[in-house]
Every structure is written in C-alpha cells, then in structure tokens.
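Asks: Just need the whole structure built from these sequences, with the hints factored in.
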Amino acid sequence: MEKIIDIKNLRVSFHTYAGEVQAVRDVSFYAKKGETLAIVGESGCGKSVTSKAVMGLIAQPPGEIGKESQILYHGKNILKQSEKEWKEYRGARCSMIFQDALSSLNPTMNIGKQVMENITNHSNVSKADAKKQAIHMLEMVGIPDPELCIKKYPHELSGGMRQRVMIAIALSANPEILIADEPTTALDVTIQAQILDLMKKIQKETGTTIIMITHDLGVVANIADHIVVMYSGKVVEMGTSDEIFYQYKHPYTWALLNAAPNLELGHKQKLVSIEGTPPDLICPPEGCPFAERCKHCMKICVEAMPPEYEFEPGHKAACWLYHPDSVYQDIDLTEGV
1337 MEKIIDIKNL RVSFHTYAGE VQAVRDVSFY AKKGETLAIV GESGCGKSVT SKAVMGLIAQ
1397 PPGEIGKESQ ILYHGKNILK QSEKEWKEYR GARCSMIFQD ALSSLNPTMN IGKQVMENIT
1457 NHSNVSKADA KKQAIHMLEM VGIPDPELCI KKYPHELSGG MRQRVMIAIA LSANPEILIA
1517 DEPTTALDVT IQAQILDLMK KIQKETGTTI IMITHDLGVV ANIADHIVVM YSGKVVEMGT
1577 SDEIFYQYKH PYTWALLNAA PNLELGHKQK LVSIEGTPPD LICPPEGCPF AERCKHCMKI
1637 CVEAMPPEYE FEPGHKAACW LYHPDSVYQD IDLTEGV
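Counting in my numbering, the sequence shown runs from 1337 upward without gaps.
Some clues are possibly wrong.
Result set (DMTMM-like, lysine to aspartate or glutamate): computed pairs, CA atoms no more than 20 Å apart in a straight line [what the hints assert, rightly or not]: (1) Lys1467 x Glu1483; (2) Lys1368 x Asp1578; (3) Lys1536 x Asp1552; (4) Lys1635 x Asp1661; (5) Lys1537 x Glu1475; (6) Lys1416 x Glu1400; (7) Lys1423 x Glu1453; (8) Lys1537 x Glu1518; (9) Lys1420 x Glu1453; (10) Lys1540 x Asp1524; (11) Lys1403 x Asp1362; (12) Lys1606 x Glu1518.
Across the chosen pairs, the derived CB separations fall in these ranges [unchecked claim]: (13) Glu1611 x Ile1636: 19 to 29 Å; (14) Glu1492 x Phe1647: 26 to 36 Å; (15) Asn1594 x Glu1419: 39 to 49 Å; (16) Glu1648 x Ser1462: 27 to 37 Å.
Hint data in this document are derived by calculation from the structure and do not stem from the laboratory.
Just so you know, even glycine gets a beta-carbon here, dropped at the ideal spot from N, CA and C.
Replies: What follows is the structure in structure tokens.
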C-alpha cells in the first residue's frame, strides 16, 4: 500500500511573550492509503498541532514550521505549495473533524448551508444539486430525517447528532484523508461507540485514510491499524495496534495502558496515575522528556536524547533501556516490571 501522507522531521514552534514554545520536535511518521493511523498521548503532547500542520492551519506568526520539515502528500511537499494549492487541498483532499462540534459549527447558519458550503467550495454544482448531496451526506452518517435536519441549527441537535454533522461536512468533498481530532471526547460511551462504528463503516465504503487524534487508547483499540505515541512534542513509540497494546516497549506507553481501567478486573482494580507533569516546552530537557516520570530512569536518560530502536519492521521506540550497555537491556515491560 502506498504512503498517502509522509511526515518527515516536522518541527512547529510558537513565539510567545514568554519565549519559543517548541510544540512539535522532529516528528516523523506516515499513513498508508485506506488505513487508520492513531496518534495518542496526554494533552499538550503535540497531537493537535501536528494535525493542524497537515491541514495547513498553523498561523504564521506566531507559529513557525521548521525549514527542514516535510509533509509529503503523494510524494509532494505540501509545505511548499501556494495559497491556491492549499485551498484546493484543504477540504477536498484532506478534511478535519474538529474536537468540539458545538463551537466548530456556525451557530448562525442552519445545518444544510454548512454542509452545502463545503460542497460548493470544491465542485461546480448548482444549489439544488448541492442540497441533494447534503441530504445524502446526512443520510450516510446516520442522521434520521435529513430533509428536516438541514433546516435546523446546531443548538437544536444533540451532541452525537452534531458530531455526525461534522463528519458529513468533512466527507462532503470526498477527501482522501480524514483527520479526526478527539471526535468522541464530549460524548457518552454509547454515542462514542456509534461514532467509531460509523467511521469504520464509511472508511470501508470510501477507502478514506483516517488519522485519529486522541488521548484515550481505548478509543483506538478496535479502529487503528497503526499507532503513534507522542510525548512532549516527540514520537516515543510507533507500531501496529497489536504491537502497541501487547508488545509495547516504551515506559510511557506502558504508563498510558496501565492508567486505563480494565473491565475484566472490575472494582478490584486499583487505578494508577502517571506521577509528575510533562516538561515545559519553552525549555525542553536535553535528555529524554519522560525521564523525570520514568521508574527506570538512568543517568544517560537525563543527559542525552535517546535514539530510536527498531524491534520489528515499523515498530520503533526511542528509549535508552534498549542500548546494549543498559542495565535494563533485557527488560520486558509487558510483564509489568
């Protein structure tokens, strides 16, 4: 399968009165056509900034993308394209479902106009045809009575219905890439499951590549083909879904999984939190960003950034534990050590 989007050495900074916030630091990963890639990590780890860079939504200034950064779409570096090319790419080639549907939808426009707007922006169709397509999109995402729904305003819909409308808008121009930024955060678990099932169904029908942004590993367990784990603006581990869940190598990945409740254990389980806080990205540490919170921290972890170690093709982790001279060289985190 071809790489539809290939991010190489992405660096994104924001210049503030307090200093330069290094939000994304040398991030590299790719997504293949028709697959689901999940980017997971705590709030502030750089997930959303990375996705906005892919969409060309980093305001410059105060934002700045590193000169060596590349975002390759079908092999072409889109960071070098003109504003006209960005407009053709954004929405038509790559669309985004934003985190909060209520604040993302325009409260002064009815649902129909908002879906039709994305259709007319990227295709030469009449208003009548755009309306038919809008109704079809609302029907496709599971909204009952779409002919009536197009006349309603965002505040008249439930949270789940608003999120379905956001998906309809994002898919209305038939994009190749769909970025979903925390699409189920404000929804209850039943609606969450419905939205995730809907996204899988649409992907199967359209072949769309999905990039899922979330802090909840449980959300991506049944939807992701590959997972990228980010921390403090860097990728600390990446691999297939099975590798991340059952053969994880980085202590941060282990900590994220350990902090999630296990339904099989029920009330007997003790919930575990990750002690400490992420580092200040105005003055990021010289060594591993997770060092101060890691139970296996060594002297080298504080002094130098760890290299990436590859365990299986595509399964990588940036951690000093796997250096040949490490006292933890034979550690198996999956055993809960």
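Asks: Checking one constraint from the list: CA of Lys1540 to CA of Asp1524, max 20 Å. Satisfied?
Replies: Violated: Lys1540 and Asp1524 sit about 25 Å apart, past 20 Å.
Asks: If you check the beta carbons of Glu1492 and Phe1647, does the distance land in 26 to 36 Å?
Replies: violated (51 Å)
Asks: Is Lys1536 within 20 Å of Asp1552, Cα to Cα?
Replies: Since the Cα atoms of Lys1536 and Asp1552 sit roughly 17 Å apart, the hinted pair holds (cutoff 20 Å).
Asks: Taking only the CA atoms, is the gap from Lys1423 to Glu1453 under or equal to 20 Å?
Replies: holds (14 Å)
Asks: Could you grab the alpha-carbon distance between Lys1537 and Glu1475 and see if it respects the 20 Å cut-off?
Replies: holds (13 Å)
Asks: Is Lys1467 within 20 Å of Glu1483, Cα to Cα?
Replies: holds (9 Å)
Asks: Holds or violated: Lys1606 with Glu1518, Cα cutoff 20 Å?
Replies: Status violated; Cα separation ~26 Å.
Asks: Check the hint pairing Lys1635 with Asp1661 against an upper bound of 20 Å on the C-alpha distance.
Replies: Roughly 13 Å separates the two Cα atoms, so the pair holds.
Asks: For Asn1594 and Glu1419, compare the CB-CB distance with the range 39 to 49 Å and indicate the outcome.
Replies: About 46 Å separates the Cβ atoms of Asn1594 and Glu1419, which means 39 to 49 Å holds.
Asks: Would you check the hint for Lys1416 and Glu1400, treating anything up to 20 Å between C-alpha atoms as holding?
Replies: holds (14 Å)
Asks: Quickly compare the C-alpha distance for Lys1537 and Glu1518 to 20 Å and report which way the hint goes.
Replies: holds (18 Å)
Asks: For a C-alpha distance cap of 20 Å, please report whether Lys1368 and Asp1578 respect it.
Replies: Status holds; Cα separation ~17 Å.
Checked against the numbered hints above, the structure violates hints 10, 12, 14, 16; every other hint is satisfied.
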